[in-house]
Amino acid sequence: MQQLYQEIILDHYRTPHHFGLRDPFDTEVHHVNPTCGDEVTLRVHLVPAVSTDDTATGSAGSVVVADISYESMGCSISQASTSVLTDLAIGRPLDEVMATLDDFTEMVTSRGKITGDEDVLGDGIAFAGVSKYPARVKCALLGWMAFKDAAAQSLDHAGPAATASPVAAPSVQTATASQEGSTAS
Amino acid sequence: MTDQLELGAAATSGPQAGDVPELLETGPIPVPEPARGSLSDVDIERIRADFPILERTVRDGKPLVYLDSGATSQRPVPVIDAEQEYVTGHNAAVHRGAHQLAEEATDFYESARERIAAFINAPTSNEIIFTKNATEAINLVAYSLGNATFSDDPAASRFRLGPGDEVVVTEMEHHANLIPWQELCRRTGATLRWFRVTDDFRLDLTDIDQLINPRTRVVAFTHQSNVLGTINPVDVLVAAAQRVGALTVLDACQSVPHMPVDVTALGVDFAAFSGHKMLGPSGVGVLYGRYELLEAMPPFLTGGSMIEQVFIDHATYAPPPARFEAGVPMTSQAVGLGAAVDYLQDVGMKVVADHEAALTGYALQELSAIDGIAIIGPSSTVDRGGAVSFVVDGVHAHDVGQILDDAGVQVRVGHHCAWPLHRRFGIAATVRASFALYNTSAEVDALVDAVRDSQRFFEVG
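Chain order of the listed sequences is Y and E.
In our numbering, each number is its position in the first sequence, counted from 1, plus 162.
In our numbering, each number is its position in the second sequence, counted from 1, plus 39.
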């Protein structure tokens, strides 16, 4: 059991990081795990990267995850993994976060074959043990999939606006985006 | 029978009272007098010996403590043998062909139908329809009523629903007895209404005369809640429905495997149950329906087997039950279910009910004694079956379930396909232990010990 419930997970569960819903945000999504009823409401705020030579915008390479805020109800695994996600993602370029997300997903769905790279996944490697319990994989991914969905919606909504005004940081936030993009899986 | 005796001897490696403390190094645990049903220890050991799976271990050598029979029950050797005998010696497509195997296969299939009819005291075996599960059985009724609504067959007109008509369910329904009615109402314009559940986990019948009124066409309700364990007053609901001429549909999934059920005495129009929850195979369920109704109802699924005459542009339909069994049916599963019914009858359903009531009472007593545990269901065994759901303060149900699993205790966690009921009590998920005739009080002890372990692990105990 200690292998599944590592102390890092229990710490994040008891004291989740970046918890609560905050402004500003571009998109808010609501995801549920239909098999157990766990749910997360998650907001994403993306801003254009401060860059001098990058003219391509509205793509993952040119934006930074300024904030992820959330409220959730669920088991220790789902609560802790969302907390770890916020630690790993906030303040980093979206393309890097998406790569981390892919690594995390690969690890937790590997049935114990992939232990994860701590340099990439940080506290996320504590979830390697989850991969041996297939019934819990969705718990570990609940917040991450909500983030992926929200970020994709933010990019979709913000793309043209951001292209027109690449360095105007607030433009992403003011793009039509936002609450209407809420979904239930 | 030789196989069973051998299995019986091997079963001594299964969970025993003496083994349990060794798995769970804990502080002092009260050791109450073991509660026993009408089955003696010897009887239980003999029964357990018939269930080969109960001998296995899980999670690095822990004896299996299977407390998830409400989700699916385990199968005894006679059921496994009956399926194997059918497949190895008599397999053919039933109700087709004039060869010997087809005759034998049809006899096996129809014999199962007769034994199941007798088991629930259906007046005739023509009132037993095989479906793939109870969910399909309930959908059969709902879709048949929907088809009647859009049919020009005069016989079907009595089943038509439309705006102004009402369908009544309860807040404690499994999704299988809720969503088909939601959909029927959506398609026909009828209105869905529901009984609420009281704070003491019973149906709130105070406004029964308003809820079941002359506009009511269908009253669909569970015999025994799969979460709360609550056994509903079928007589009261049937009487109210009959006063206004409404059809009654009983979800009997959690009652037929666990207590004597007499559909004639209950007076319901329809009852649905699943094979895999009553020691039988998965892939087979049963719809009981009063013949007079089935005879007038339009089909749900159409195709081969269910026809009387077929022309290129239209067809007429066979009488029930064939009308509702389109295509080649599941056969070894039906045969296995027939054997399961024989097995249950050999033990005796009253004996099964008494044994499970004793286990339930013991589990309620022991779990209630733990600080931080709330039972989501009636606190006594009065009008209550063996589904014992609970929450552990400060530990999510999934996490409790994981610790239990690590101790070999297999329970269900989540909303148990009864999300509105969980919403009613403001809970996302519960832990559910559910019993069958093969469970023992030592297994209840293992459950209780593992629950305490989960509190220690998450530092809330």
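These are calculated hints, taken from the structure and not from any lab test.
Everything numeric in this text was worked out from a predicted model, so none of it was measured.
Think of the CB as a built atom: it goes at the ideal place given N, C-alpha and C, for glycine as much as any other residue.
Any given hint might turn out to be false.
As the list claims (entries may be wrong) - Keeping only pairs whose Cα atoms sit at most 30 angstroms apart, straight-line, the calculated DSBU-like set for lysine-lysine is:
{"hint": "1", "chain 1": "Y", "residue 1": "Lys275", "chain 2": "Y", "residue 2": "Lys300"}
{"hint": "2", "chain 1": "E", "residue 1": "Lys101", "chain 2": "Y", "residue 2": "Lys300"}
{"hint": "3", "chain 1": "Y", "residue 1": "Lys300", "chain 2": "Y", "residue 2": "Lys310"}
{"hint": "4", "chain 1": "E", "residue 1": "Lys101", "chain 2": "Y", "residue 2": "Lys275"}
{"hint": "5", "chain 1": "Y", "residue 1": "Lys294", "chain 2": "E", "residue 2": "Lys101"}
{"hint": "6", "chain 1": "Y", "residue 1": "Lys310", "chain 2": "Y", "residue 2": "Lys294"}
{"hint": "7", "chain 1": "E", "residue 1": "Lys171", "chain 2": "E", "residue 2": "Lys389"}
{"hint": "8", "chain 1": "Y", "residue 1": "Lys294", "chain 2": "Y", "residue 2": "Lys275"}
{"hint": "9", "chain 1": "Y", "residue 1": "Lys310", "chain 2": "Y", "residue 2": "Lys275"}
{"hint": "10", "chain 1": "E", "residue 1": "Lys171", "chain 2": "Y", "residue 2": "Lys300"}
Stated by the list, open to error - What the simulated footprint calls covered on chain E by chain Y, stretch by stretch (three residues with Cβ under 8 angstroms from a Cβ of chain Y suffice, anywhere in the stretch; the number is not a length):
{"hint": "11", "segment": "134 to 143"}
{"hint": "12", "segment": "437 to 445"}
Consistency of the hints with the structure:
For the given pair, Lys275 (chain Y) sits about 17 angstroms from Lys300 (chain Y) by alpha-carbon distance, which is consistent with the 30 angstroms threshold. A threshold of 30 angstroms between alpha carbons decides the hint, and for Lys101 (chain E) with Lys300 (chain Y) the separation of about 26 angstroms falls inside it, so the pair holds. Annotation: proposed proximity of Lys300 (chain Y) to Lys310 (chain Y) holds, straight-line Cα distance about 14 angstroms (limit 30 angstroms). A C-alpha spacing of about 24 angstroms is found between Lys101 (chain E) and Lys275 (chain Y), which places the hinted pair at or below 30 angstroms, so the restraint holds.
For the hint pairing Lys294 (chain Y) with Lys101 (chain E), the CA-to-CA distance comes to about 17 angstroms; that is within 30 angstroms, so the pair holds. Restraint check for Lys310 (chain Y) and Lys294 (chain Y): the C-alpha separation of about 23 angstroms stays at or below 30 angstroms, so the hint holds. With a C-alpha separation of about 27 angstroms, the suggested pair Lys171 (chain E) and Lys389 (chain E) falls inside the 30 angstroms cut-off, and the hint holds. With a C-alpha separation of about 9 angstroms, the suggested pair Lys294 (chain Y) and Lys275 (chain Y) falls inside the 30 angstroms cut-off, and the hint holds.
The suggested pairing of Lys310 (chain Y) with Lys275 (chain Y) holds, with an alpha-carbon distance near 24 angstroms, which does not exceed 30 angstroms. For a cut-off of 30 angstroms, the pair hint linking Lys171 (chain E) to Lys300 (chain Y) stands: about 28 angstroms separates their Cα positions. A stretch counts as covered by a chain when three or more of its residues have a beta carbon under 8 angstroms from one of that chain; for the segment 134 to 143 of chain E and chain Y the count is 0, and the coverage is violated. Taking a C-beta to C-beta cut-off of 8 angstroms, the segment 437 to 445 of chain E contributes 5 residues in contact with chain Y, enough for the three needed, and the coverage statement holds.
Taken one by one, the earlier hints fail for this structure only at number 11.
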